[in-house]
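Novice: Chains as they are written, first to last, in full-length UniProt numbering: chain A, 1 to 309; chain B, 1 to 309; chain C, 1 to 309; chain D, 1 to 309.
Misleading hints may appear alongside valid ones.
[Stated by the list, open to error] Derived DSBU-like pairs (lysine-lysine); straight-line CA-CA distance at most 35 Å:
hint	chain 1	residue 1	chain 2	residue 2
1	A	Lys298	C	Lys309
2	B	Lys144	B	Lys101
3	C	Lys144	D	Lys171
4	C	Lys171	D	Lys309
5	A	Lys309	B	Lys171
6	A	Lys101	A	Lys171
7	A	Lys309	A	Lys298
8	B	Lys309	B	Lys144
9	D	Lys171	D	Lys309
10	B	Lys101	B	Lys309
11	D	Lys144	D	Lys101
12	D	Lys101	D	Lys309
13	B	Lys171	A	Lys171
14	A	Lys309	A	Lys144
15	B	Lys101	A	Lys171
16	C	Lys101	C	Lys309
17	C	Lys309	D	Lys171
18	A	Lys309	A	Lys171
19	C	Lys144	C	Lys171
20	C	Lys144	C	Lys101
21	C	Lys171	D	Lys101
22	A	Lys298	B	Lys144
23	A	Lys171	A	Lys144
[Said to hold, decoys possible] To spell it out: a stretch of chain D is covered by chain B in this simulated footprint if at least three of its residues, at any positions, have a beta carbon under 8 Å from a beta carbon of chain B; those stretches are:
hint	stretch
24	230-242
25	273-285
No lab work stands behind these hints: they were computed from the structure.
Think of the CB as a built atom: it goes at the ideal place given N, C-alpha and C, for glycine as much as any other residue.
What follows is the residue order along each chain.
Protein chains: 4
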Amino acid sequence: MGASLTGMDTPLTTTFPTTAFLGLGAMGFPMAGHLAARSRETGGRTLVWNRTPARAAAHAAEFGSVAATLEEAAGADLIVSCLPTSAEVDGVLDAVRGHLKPGSVWVDCTSGHPDAAPEQRARLLEAGVRFLDAPVSGGTVAAKAGTLTVMVGGPAQEIEAVRPHLAFAGKLVRVGDTGAGFAVKAVNNALLAVNLWAAGEGLAILGLRGVELGAALDVINASSGRSNTTENLIPQRVLTRQFPATFGLGLLAKDAGIALDLAEQARGSAPVIAQVTALYRAASRVIGAQEDHTAALKLIEQWNGVELK
Amino acid sequence: MGASLTGMDTPLTTTFPTTAFLGLGAMGFPMAGHLAARSRETGGRTLVWNRTPARAAAHAAEFGSVAATLEEAAGADLIVSCLPTSAEVDGVLDAVRGHLKPGSVWVDCTSGHPDAAPEQRARLLEAGVRFLDAPVSGGTVAAKAGTLTVMVGGPAQEIEAVRPHLAFAGKLVRVGDTGAGFAVKAVNNALLAVNLWAAGEGLAILGLRGVELGAALDVINASSGRSNTTENLIPQRVLTRQFPATFGLGLLAKDAGIALDLAEQARGSAPVIAQVTALYRAASRVIGAQEDHTAALKLIEQWNGVELK
Amino acid sequence: MGASLTGMDTPLTTTFPTTAFLGLGAMGFPMAGHLAARSRETGGRTLVWNRTPARAAAHAAEFGSVAATLEEAAGADLIVSCLPTSAEVDGVLDAVRGHLKPGSVWVDCTSGHPDAAPEQRARLLEAGVRFLDAPVSGGTVAAKAGTLTVMVGGPAQEIEAVRPHLAFAGKLVRVGDTGAGFAVKAVNNALLAVNLWAAGEGLAILGLRGVELGAALDVINASSGRSNTTENLIPQRVLTRQFPATFGLGLLAKDAGIALDLAEQARGSAPVIAQVTALYRAASRVIGAQEDHTAALKLIEQWNGVELK
Amino acid sequence: MGASLTGMDTPLTTTFPTTAFLGLGAMGFPMAGHLAARSRETGGRTLVWNRTPARAAAHAAEFGSVAATLEEAAGADLIVSCLPTSAEVDGVLDAVRGHLKPGSVWVDCTSGHPDAAPEQRARLLEAGVRFLDAPVSGGTVAAKAGTLTVMVGGPAQEIEAVRPHLAFAGKLVRVGDTGAGFAVKAVNNALLAVNLWAAGEGLAILGLRGVELGAALDVINASSGRSNTTENLIPQRVLTRQFPATFGLGLLAKDAGIALDLAEQARGSAPVIAQVTALYRAASRVIGAQEDHTAALKLIEQWNGVELK
């Protein structure tokens, strides 16, 4: 681990005049907007990069950021990435080799795999760059509002150094060492998946019996069975039949699969997360990986001959 | 259904000077206290009955209610029952035959079986008595505070007649016809069971990886995976290792089983509730039916060789 | 239980000159043929009844039985019934009241519910008739060959009395008291359901990886993972894409549901049978209750984007 | 893949005067005995190696093989390995570097991971050695009898070259390309795991109801629910309460986990295998990874308060 030690010898940057944001998807676009606003407040600037450059140009026009190539963005003092999976992050790391700035910090907000994090950190440390796994929760609403929850894995000192700049965060918590942020995110999303699916099953049972689902949710949400899915997702997305595609079914299946993978690696036993992961894989294939994650409940509807409305 | 029609011909009582409460368990005791206080405010009185009479005497001493025999209580204008299962309610109905007061209303707060409700209602209607299934949620804390959520099945007119007297309710919602209250309660508790179990699995996965569980819950509770179980039950009962026995594991297994039974009756498909019901049956046998429902997670701890603390 | 005792006082018939068969479905039709042949050999005759009389007439023409009304058939010395569920048997019992012959024996080959058996026996005993629950396994092939496996619940003496006449049996075993036959059949079919589903999942995994499924089944059938489903059902019905509808998906879901019900009644824990029952309910709704039970694997095919061939 | 091409240029050995067997565990010991007998018949010799050398000496004494160092064994014309997992095989491959004989064939009978096979083959091809994944099924009984089922992945020509020498095989089938052998074995064992667990649940249900389990198995084994587990494993190992430890619970959990992993890699959906894998992980932790795989049913016994005997 000589490279790592060498990397850790590089002094950590203490000011971040130039920041960069990689990945301007549904989440990244507004997140990068908050980053750009904070940079401007502190006299800095934010470079933005996206695989399809038109989206970077649109961001620059809307938020005063600077559309950049990947190589330019890689030279920033603080880099924030938000990509579909760890595989895309690895691809970007390949591409920026030789363009990184020693002393800088890379904050990866991707919902990545915990096993990828130590490798990514080691690889960046060879260039004197710190890596923090920092996935977010809250969806596009919180991304726009700048109130995302960020769960970060890595050394506390590095996290504190970048904390003031992550303007998209409403709450930012260090949950452990490198990889812990990804692990907590995977488990959070596995719980989302289970709670959502179970609520779908429960409402299908009530629907089959002729109970009015709005009234049922009203009391459940004042009772012990409530969750974020009964309080928010199902009333807003399912009962309305809108299923707005802000977080894809295929990505939720992937995240639940990461949690299952962690269980398996440790020879752990998580039969419910295992079952639910398989059911989301089915839903992703039958309903569509690009559909909103709440559309998984359409599979339950098919199985029960009932519509949740 | 001539009997039923005859029963419905009996005019519904509009004032309830004498109320009664049957079943002074951990929930019923404080609920009956609120009923007694409301009665006193309106110039009435509350009779209380319990299988072990000493508990009724204690209630009278604490709340100014009147300890009564089952036959005396049966003659009240409004009867509220809160017993372990529908079987115990049926037993009480056997015992009070001939002692009921035509025009009165029986509100059953037991977490009963939806199939029992129409039979119980029909049986009481023969004596001119209305039956409402009205299970509650909120636990002993809300029972003491008088802020329980009550989910009621039955005719709206009857519900409105008794609503002002059910002083233990913080929220009372009509969810449908006779039996719908029991159905919604069963589903609520099935969701509680699933959400709790899944959270236990998720935390076990993180524990196996060395993540600090308090920090993980902190971010999950600001994220999409949150539920009543991550916000309240697990921090208060599991991480503290206290598992205070306010709601028994065996009763939660029973409630989840009712939800599963409803699915099966309708030839519905609820694979996650089905699995989780079986896991709670296992936990109930291995950990103990009288233990607090949150102690189900001790089974997950055994399976993963990790303690949730 | 005075009626039962009275019933047991009626001497058990020792010869069965007139036999009757109720229910000439895919299984019952050939079974009744064997019953008729055996009767003829012993100088007796066999009455046959079916809800749609044309089928009884066809049976008489083919097997030399006698098409009869339900009331006529009810007067036989030995009655064998084979109907879809216990509910249909109860309906027939209603219809034959007053037409039964004291001392006779009723052998019900329906895949019935264990809880129905004691009630049906008690009811028939009031008329001096013995009831044996005697479901069969082996499908239409064994029904035609007269090699069915029969699992019987009831007193040994009664079983031995009728054993020589049940010519459709290749193997007939007393498995316990009244209801035990139905219980063992439900569990057998639950195992069939699980083994079939698991084999479907396993082959889908191999199919996704490009393994040739015929070769895979060849070695599995010489290995520890083999079952009746890998040895017979899948090669003959699934890989051929024929799915001949000899045993309906809806009926298998019903049987698995009976096994699950038995577990629940005993507060037992059977998480795999619980999940699989729910999956067959889903398959029954999505693929069709009338389809062959092996067509459940089409659901797995949909979920995995692969065809088992 | 230049190395691989070079490797494939090395002519394949056509005679195998010296064979070697690596790993003399419960399976490998008798398998190596058959290999040695066949070698002797054809004028060759068999080197045997084991991590603990005393076992190799014992083998030499019993079967006329030659105890050897790993380096000596590595120079054989045909090498057969049978180790706990692919990780141990990788370790051995590290150790034999530089000692392999170009043109030889390595047949790995480990229940390995399908992903390991292509890497192991590529690595050996660099030394001009062919690799075949060839896991076996049949347990210690078939290993002793020389009637194992062998499922092989790799080029047909190479398989045919070694087929006559694999004297422990009763049946040897090419199931596909490199890795396919491991995949089929993982799926076979996943089916074993599911069928065994389901049978345990089913018998627990019958046991709770007082049905005699021997009679129940007797009819199930003549019915559609039968499998290798009801026909052999449960009567011989569970009902006898002997649970002879010939195939460890932990290894079966590992194999089911490989099947689950294959499903996840292909974004497949296998909810029952997923659930059962988790249950075996639990059993492995609670009952013991070294216990016989059939001892998993002790967990079901605990959950149901019933003994399977």
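Novice: So which of the earlier hints does this model not fit?
Specialist: When the structure is compared with the hints, numbers 10, 12, 15, 16, 21, 22, 24 turn out to be violated.
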